[in-house]
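Chemist: Sequence:
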Amino acid sequence: METIAVIDFETTGMTPSQGARATEIGAVLVRGGEIVGQYQSLMYSGVHIPPFIEQLTGISNAMLRDAPPAEQVMREVAAFTRGCPMVAHNAAFDRGFWLAERERAGCEPDLAQEFACTVLLSRRLNTEAPNHKLGTLASWFGLPNNGRAHRALADALTTAHLLVRLQDLVAQRYADQLQGRPVRHELLAALQRAPKTQLDRCVARAQASS
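In this text, residue positions in the sequence shown follow the UniProt record's numbering: the first is 1, and each later residue adds one.
Take the hints with a grain of salt, since some may be wrong.
Unchecked claim - Here are the simulated distance ranges between beta carbons:
no. : residue 1 : residue 2 : range
1   : 72        : 19        : 30 to 38 angstroms
2   : 208       : 109       : 15 to 23 angstroms
3   : 111       : 198       : 23 to 31 angstroms
4   : 75        : 200       : 39 to 47 angstroms
What the hints contain is simulated information worked out from the structure, not anything from laboratory work. Where a beta carbon is used, it is the ideal one built from N, C-alpha and C, also for glycine.
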């Protein structure tokens, strides 16, 4: 049975290319619609947290002084998620930090770790939702309250519950094509790239090639 890793970063800014670094990571393992593991850690990189980021996340520079080095954390979470395809909410953001921080830590590339994005999937599957922010979708679907937003583990857990709900939605909507087969990460990655008008065709192609 496939295990998917859901991750979320808190950071000092928007992108590693502008010098931003990760301050916290949460990772959740999902298998068969259930959460089967979780990892969370603050991470010290020596980069100052701007005041507005500190206010948003609640993570202060003082909190990070005693945090483990970012390189150590990334090696631990890389081992925790090894071989798992990845999911994040607004995956382009988290993928950028995932790759940059892994490289800094000297982690070997993991070719299994393609990303699927719950924002892109929601835009295709939930056209009636008011928007596709994580908090909005959590309320829309009645997902469990996992604690303060903009903390990595809380957001990773909420994203994991959202992933399961989206998998269930695909299974129900395309039951005839899937014929009881699980909604795998490969199908989610294909659906997130498909035009909204061609989702049926995308599912049919994925099943024909599986």
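Chemist: Compare the structure with each hint and give your call.
Modeler: Cross-check of the supplied hints:
1. Taking 30 to 38 angstroms as the suggested C-beta distance range, the pair residue 72 and residue 19 does not conform, at roughly 21 angstroms.
2. In this structure the supplied range 15 to 23 angstroms is violated for residue 208 paired with residue 109, their Cβ-Cβ distance being about 30 angstroms.
3. A C-beta distance of roughly 28 angstroms is found between residue 111 and residue 198, which places it inside the suggested range of 23 to 31 angstroms.
4. Between residue 75 and residue 200 the beta carbons are some 43 angstroms apart, a value that agrees with the proposed interval 39 to 47 angstroms.
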